[in-house]
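Residue numbers (this note's numbering), protein chains in the order written: chain A, 55 to 335; chain B, 318 to 635.
To be clear, the hints were calculated from the coordinates, so they are not data collected in a lab. All values reported here derive from a predicted model rather than from experimental measurement. Ideal Cβ placement from N, Cα and C applies to all residues, glycine included. Hints may contain errors.
[To be verified] Some chain A residues near chain B, calculated using beta-carbon distances under 8 Å:
1. F104
2. V105
3. N107
4. A109
5. F299
6. E300
[As the list claims (entries may be wrong)] The following residues of chain A were derived to be distant from chain B, with all beta-carbon distances above 10 Å:
7. I56
8. D102
9. P246
10. F268
11. F276
12. T278
13. H303
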Amino acid sequence: MIARTTRRRLLSHVMTGATVACAILALLPLFAIFADLVLRGASSINWDFFVKNPAAAGDTGGGVANAIVGTLIIVGVGSAIGLPIGIGAGVYLAEFGGGRFGQTVRFLADVLTGTPSVIVGIFVWMLVVRPMGHFSALAGAVALAILMVPMVSRTTEEMVRLVPHSLREAALALGFPRWRTTLQVMVRAAWPGIITGALVAVARIAGETAPLLFTALGNLNFRTNVFQPMQTLSLQIYVYATGPFEEWHRLAWGAALVLMAIVLVFGFTARLATRTRFRDG
Amino acid sequence: MAREHPPAGLSRVGWGDAAFRAILTAFAAVIPLLFVALVARLAVSAWPTIRAFGYRFLTTSTWDPVANVYGAAPMIFGTLLSSLLALVLAVPLAVGVAIYLTEFAPTWVRGPVGTLVELLAAIPSVVYGLWGVFVLIPLLRAYLVPPLQAVLGWTPFFSGTFYGNSMLAAGIILAVMILPYISSVSREVLAAVPSSQREAALALGATRWEAVWSAVLPYARTGVFGAIVLGLGRALGETMAVVMVVGNRHDLSASLVEPGTTMAAVIANEFNEAAGLQRAALFEVGLVLFGVTVAVNAFARLLVWRVARDSAIGSRAI
């Protein structure tokens, strides 16, 4: 009997140890990737990297100024299209989404969140690029917006639902119409959480590449016209990493470090916003 | 969950409310419209190859833009192979992490480690690809593949020449990429198991592991399975990291060390150069991939919803 108890206790310790090992093993690639990004990327980051455009193929030097500006423009335009629709849909789901239509929207939003982004890319190519006759940053922004809408709608819904019901009742008891109750009480109370969801979505689309391949296309020159092809950091990393030149590989690591920094800035800002409200962070 | 609204008489229902509701409904309608438009657009654009090849498109393996003959079997197979490999590698780790974080870890460890694991989901796909090309593949070439081939080279899975770009590299990268999704959803599912389950097992004299194994995991089984299916959905559609390390070769081969391709990778790799029937073929690949991921995600949702009704589990990133 004693031996059996000992064996059971031993097994318990061994399995606990195994789960600890799982956690360590899971974090290993994270640390490896971040270490490589910093070690290989930092050396290519200097003043030129931020203010110059790419050098001619095979030449040394040059930077990714066009890609940084392009990323900000495409993500900005994409957010301007996607966030209002996503937030509006989310508020609908929280306030009126109890019926069959609401359930359908909720389910499809979850299904669309898992849709491969490359498919959104060919969809937008057919929808925007082909009718326009050429690739454009705007098409890229539309693709990113399509990716944002389902994500943002679900986080917005979740946040509005967390607002205590008593707030709504108080507003209605004071004679507020429904729409003012929703906008000035419910949405306002949930606003920090809604912004968090939005920032998380922005962070996620900032690193997207596949939907931009057939829409924004990329551009070696500095462009700010959204009706023309435009470079982004993600597209630049893809081209440079798969290209033949040592210099390109160096720049790819630098661009990856900058892209990662942009994504993390959005991600951590989002986390800070939630920490103060509702969620445990 | 239907929310109880106050009786209509208590609020002033006017044109403002009606207009407000109409505007919000229009926003919400964008989502089903997008879904229908995606299906319709892909189906219409794929129609030429659907008509030309029928179901043979899915079962033959010639992909020849010169002769205009298209069969997608190798990439469908490649998608399944790389995703299965990713699951085999990621599931034990991810579930292990989830169990550790909900059951065994000290409270001060849970937050930080959970955040770090979820941080893996914040790394852009193209950065994973970059890391795969310049770090993982050299590592595989130097340390993993030679001993694997020495021992298992006789099996069909490890035979052939290793060029670097391979199914193995794609599967490993995918495993790292889906790990945070599986572990964070599993974690939420495990956390939703009532503590009375654990307490009952412990009170009966179970060790902590026995409580997890016999009381917590059976209760959470459906949800954890849902988390795994959700991870599968991610792996099936992942594009950039795969296209950068998989080798993009249209061959039907069970060997993990040889190059292959996946549905998403083929679209990313060939779409800009394709025209005519080849473009239609790529749209059909997209349609098949879309259908598969929709089915897988819908299934995962239903499983997870059974455990945590209506929750937005898994729609969070970072």
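Going through the hints against the structure:
Interface hint status for F104(A): violated, as the beta-carbon distance to the closest one in chain B is roughly 19 Å, over 8 Å. For V105(A), the suggested interface contact is broken, since its CB lies about 23 Å from the closest CB of chain B, more than 8 Å. Checking N107(A) against chain B by beta carbon gives a least distance of about 20 Å; that is not within 8 Å, so the hint is violated. About 20 Å separates the beta-carbon of A109(A) from the nearest beta-carbon of chain B, more than 8 Å, and the hint is not met.
With a cut of 8 Å, the hint placing F299(A) at the interface with chain B is violated, because the nearest CB-to-CB distance is about 13 Å. The criterion of a C-beta within 8 Å of any C-beta in chain B is not met by E300(A), whose closest approach is roughly 11 Å, and the hint is violated. The beta carbon of I56(A) is kept farther than 10 Å from every beta carbon of chain B, the shortest such distance being approximately 14 Å. Every Cβ of chain B is farther than 10 Å from the Cβ of D102(A); the closest lies at roughly 21 Å, confirming the non-interface assignment.
Listed as outside the interface, P246(A) is consistent with that label: its C-beta sits roughly 16 Å from the nearest C-beta of chain B, beyond the 10 Å cut-off. F268(A), annotated as away from the interface, has a beta carbon of chain B within 10 Å; the closest lies near 5 Å. The Cβ of F276(A) lies farther than 10 Å from every Cβ of chain B, with a closest approach of about 21 Å, so its non-interface assignment holds. With a least CB separation of 23 Å from chain B, T278(A) remains clear of the 10 Å interface cut-off, as annotated.
A beta-carbon of chain B is positioned within 10 Å of the beta-carbon of H303(A); the least distance is around 7 Å.
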